[in-house]
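Q: Residue strings, one per chain:
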Amino acid sequence: MSFSFKVFVPDISNKARELAEKFGYRPYMIERYYSMFGVEETLEFLTINESISPLAIRINSLKTDPQTVANSLRMKGYQLTPSEQIPYAYIIEQDAKSEEILQKSSTSPEYQQHGFERDHDTLKELEWGRPSYLEEDYLIDEEKRQDIKSSQHLREKQIATLGSTNEYLMGYYYIQDLASMFPSYYLSPQPDDFIVDMCAAPGGKTTHLAQIMENQGHIFALDNNKKRIKSLIYNVRRCGIMNTTVLLLDASSTHKQGFHPNKILLDAPCTGEGLIRDDSARKTNKTPTDITGMMRKQHSLLHSAVKSIKPGGRIMYSTCSIAPEENEFVIQKVLDSNPDIEIVSVNDEWGLPGYINVFGMDLSEDLLKARRLFPHIHNTIGFFYCLLQKRK
Amino acid sequence: MSSNPAFHLATKKQLQQIKDSLQKISSHIWECLGTESINLYARYDQYVEIFIVPTNLERQLRLIRDTETLQHTGLYFGFVKGTEFQLSLEGAEYLFTTFFKQNRIKLKTITLTNEGAQSFLYGNTLKPTNFAQAPTSLNRKDVIFVLNPKSQFLGIGFIYTRDERLELRNLVDYGYYIRRGF
Chain A
0 MSFSFKVFVP DISNKARELA EKFGYRPYMI ERYYSMFGVE ETLEFLTINE SISPLAIRIN
60 SLKTDPQTVA NSLRMKGYQL TPSEQIPYAY IIEQDAKSEE ILQKSSTSPE YQQHGFERDH
120 DTLKELEWGR PSYLEEDYLI DEEKRQDIKS SQHLREKQIA TLGSTNEYLM GYYYIQDLAS
180 MFPSYYLSPQ PDDFIVDMCA APGGKTTHLA QIMENQGHIF ALDNNKKRIK SLIYNVRRCG
240 IMNTTVLLLD ASSTHKQGFH PNKILLDAPC TGEGLIRDDS ARKTNKTPTD ITGMMRKQHS
300 LLHSAVKSIK PGGRIMYSTC SIAPEENEFV IQKVLDSNPD IEIVSVNDEW GLPGYINVFG
360 MDLSEDLLKA RRLFPHIHNT IGFFYCLLQK RK
Chain B
0 MSSNPAFHLA TKKQLQQIKD SLQKISSHIW ECLGTESINL YARYDQYVEI FIVPTNLERQ
60 LRLIRDTETL QHTGLYFGFV KGTEFQLSLE GAEYLFTTFF KQNRIKLKTI TLTNEGAQSF
120 LYGNTLKPTN FAQAPTSLNR KDVIFVLNPK SQFLGIGFIY TRDERLELRN LVDYGYYIRR
180 GF
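Protein chains in written order, with numbering that gives the first Met the number 0: chain A, 0 to 391; chain B, 0 to 181.
For reference, chain A alone in the conformation it holds in the complex (with noise of 0.2 Å):
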């Protein structure tokens, strides 16, 4: 079977309709999560999509032990749950505590004390580079509005209080969805490995598989934005790498470079459509146009990291979309013009299998070794990951 770079827009019933106005989305999304989910689940995902999601932070243990700086920000306040898949993870609960914490300021006690200013873009920044939300593309009404600005209030709350503290500023933590540790853990790499990190800025990525590699080995970390590459520099710098190289590239023309790594961490650009919890816009400012041009990237992207892997070698794709056109197609798409490409099954028991039969196409049964986060399920964002890798 051979893919196209086609998007399912399915009929819109009335119901998805009724739907689509009560929580603020594009109809034909509801009709596409019917497809995926069923009536009943999609209304979980869509309830869910409208509370932000837990904040995860990961510890540093290049630069010092998890239990201590668990401890002192503990000690702060923040009510931390050691995360099951992860060890070196915590979730930041939500409890009375650190809601009093939040209202209190927006930063930290160090930063009431003898506060800075930080601007908006600064925050977003440090929220690992979630683009953030135009106001010019909601369509919605007013209170909507409202709401979502309140929900995107308490997030850089969120984020302002842990993004200040002295831990933070150390380089000891790292504050990143859960979800998103799991490509570079699941990569596994090693000490010697040479990895290159295709789409690497802000760095939550490259940091964490630097970490892993316990500053080992060499990491190539491309990204060809300018704006973006000074965080991925900056997180670098932080968080006390020193096994990295940070390079000004289209990660799309990673095959004409001449590199040869065992790994490749593929963390492709997307639609973010698995981020609807933390970014409201995303209901509505992005069209089946979007997946399209996602897919075309995506593909290109997979494709150059197929060309340039050594023999053996294995890539991590992952995106944080749940569109399935921008991940099992993708991959499909990979495995069909690959025959040396076959998927590798990662010890994740939490996630759930990837899609074999979704929108009308039937697609190849290994997919089901790939993995999916679901916000209804896992409490996390939407993602997806799939470890891949090149025949001998």
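Since the hints were derived computationally from the structure, they do not count as laboratory data.
The C-beta atom is built at its ideal place from N, Cα and C for all residues, glycine as well.
It is possible that some hints are incorrect.
As the list claims (entries may be wrong) - Here chain A is said to cover these stretches of chain B; the calculated rule only asks that three of the stretch's residues, wherever they fall, bring their Cβ under 8 Å from a Cβ of chain A: (1) 52 to 64; (2) 115 to 128.
Said to hold, decoys possible - The calculated DSS-like cross-link candidates involving lysine-lysine, where the alpha carbons are at most 27 Å apart (straight line), are: (3) B:Lys23 <-> A:Lys225; (4) B:Lys11 <-> B:Lys23; (5) B:Lys23 <-> A:Lys229.
Could you slot chain B onto chain A? The hints should help.
A: Showing chain B alone in chain A's frame:
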């Protein structure tokens, strides 16, 4: 690498400038650097940036065809401004962790009170009341390695006098990048 690289091994002149500046901070730093499996590289930007590059990175660095694309590698050690080498935050922490904590070099350090440590991380200038422990002799323009009460490295500052009173002026600390808006 290309024939006219924007990134290369530091020149003899640059190495001398670095050596001269480090000598003012503490003797033996240069000798200690010589014992490590590292090389110093120069990259041309607004100033000449100096990087500490572990030798095991060099094989892959040679794969880079267009050195203009290289923005950062290894550890950012500092930059040469005019004829003077200025130590970066990370460079200072490297010296502190790799050599000072191993008793291989001596450095002038100031340990701050908790209050002082927090204030320093927000870029502020500190008064002696914020010092928990300071060297017996402090001279104007001394480069000082600044620590919190847990002896963790916070940044570097220098001593200056105002109205005949000593103050610790913040040169760079871990809040720097956030304040700059990166």
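Q: Of the numbered hints stated previously, which ones are contradicted by the structure, given in increasing order?
A: The structure breaks hints 3 and 5; every other hint is satisfied.
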